[in-house]
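Spelled out from the first residue to the last, the chains are:
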Amino acid sequence: MLRFYGLRVLKDYLGHVILIGLPIFMITFMSYINTPEGESVAAVAGTITIAFLLMFHIFGAAYTHEGIEKDFFTPMRMRLKAAPVNPVRFIVAMIVYSVLISFAQTLVILAYSMVVLGAAFQNLPLVLLLFIINIVFSQLMAAVVILKLKKAAKAQAVMMAYAIGGPVLAGFMFPLPENTFTRFLERYSTPVAHIRTAITGVLNSDTTDIVLGAALALAFIAIITVVLVRLSESVKT
Amino acid sequence: MVVKLNNVIKRFDNRLALDYFNLEIGKGEVVGLLGPNGAGKTTSINAMVGLLELDEGTIEIFGRKVNGASNDIKQRIGLVTQEVTIYEDISAYENLLFFGKLYGLRGERLKQRIEEVARMIGLEGRLKENPKRYSGGMKRRLNIGCSILHEPELLIMDEPTVGIDPQSRNYILEFVKKMAKETDTAILYTSHYIGEVEAISDRVYIVDEGHNIASGTVSELIGKVKGDNHIHIDVDQPQESVLDDLKKLADVKEVSLNENRFQIVTYAGVNIMDKLIAKLSPFTIRNVRNNEPSLEDVFLSLTGKSLRDGTVD
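Sequence lines, in order, name chains A and B. Note that this note's numbering has the first sequence beginning at 859, numbered continuously upward. Note that this note's numbering has the second sequence beginning at 14, numbered continuously upward.
These aren't lab readings, by the way, just hints derived from the structure by calculation. The structure presented is a predicted model; accordingly, all values stated were derived computationally and were not measured.
Cβ pair distances, simulated, as ranges: (1) A/Phe883 - B/Glu66: 50 to 56 Å; (2) B/Gly138 - A/Tyr890: 49 to 55 Å; (3) B/Lys237 - A/Asn944: 42 to 48 Å.
Just so it is clear, CB atoms sit at the ideal spot from N, CA and C, and this is done for glycine as well.
Please build the complete structure, drawing on both the sequences and the hints.
Quick look at the structure:
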């Protein structure tokens, strides 16, 4: 079953163009216009790549939306529920493959950023692990939102609000005014801010930020998993 | 008995979707379920495949009482959904592979079944294509193929020919008849196309507003409509002597000869056309007209509604 869900996601060619091509274009463009005079583009490419990857992980949740909508909120639901298989397995398979594909897209973008723009990432394995946490949270959240709203278009609107609002609150898009409240928002407002805090910790070798950011993000994953398990019960009936 | 629904009641809020609904299907039998939209056809199917819990009554499938999902029962049922439920962005072969695996088929057996099913549904040589490129009829056939890979003992077909061309429709009807005959599969076929149900069903249930209105063979149901068959056969140079032979045939009520036309009245619901033609074979037959009541007349008579191509007047 997992192979089949992988096939469905892999065959979404337009999705790959958007989720790989668009961030590569944006990272390149933003890196060049933000490079201080006399410095190499590599000086800013790393930070910009991290910001766009975290944002596009949330857009990548569209795979889960569309997959779950097709399976459970169209007439396909009847055929799948008539099969001798627990319907929750379809949701799990969809999430697992969406996470894998989103991570593969991340690797392609990172490779581009490192090879073409010269970006460097300190402790890359740990950064990748934090990316995986962000991807997992985004896909779980997408599953919860679609199961609750039952329409991919509505779910996409909610995820879009998170994909833009989260990075704005975390200070990715533009600098927020300097005060205690905005500093708190930048570090703790959303799970994407927690991951960013942890990645910043990796880049600055600040263990406290790494542990705190990752722990908060994992706590959110635990909470959303509980919500998802409860909502998944509804697809059985 | 493969399926037995006994006084099934299902309510949705205050609406009665099934109201003391009864149905039986035997092995190798094609049973037609005929009714307008909203009559309770799909609700009864959902109850049979365990997608709905009953409010009252019982459902026995393969001799076991069921109420809700049971995987070992589901394993033996094939469901052809009313809508085309295939994945259009992957190939037809991959669709068959996926649905076969859902029912536990693996390896060589699965590959062999895909080849067999592709032949049965007339899609051999087209399996590598994405169903996006298929015609409506081909999609419908793939929809059926995905439901029969696991060789179900009970096949439930919920309006499987909606919106397709006559050629594909005939293909599907022939396929249903052949499958029931050759594999002994019990088939429940729902439709609001009377002609289809009439053509393939061993027995027919007429349903309306969640009730059973009538059931029986097509002949039995037609027999419930008052009136006789009036058959007119025009021949060259008829002879009165043959009238006695015609009168002696079973089910013939009256025979008369008016110029070149034999006017024969038979009981409703019987078909003795072959015997009449045999008796009149010494003459040159110019024209035959049979004014037999149809299943549509039965439906109209029993429900007060006309049922044709999905519209209820």
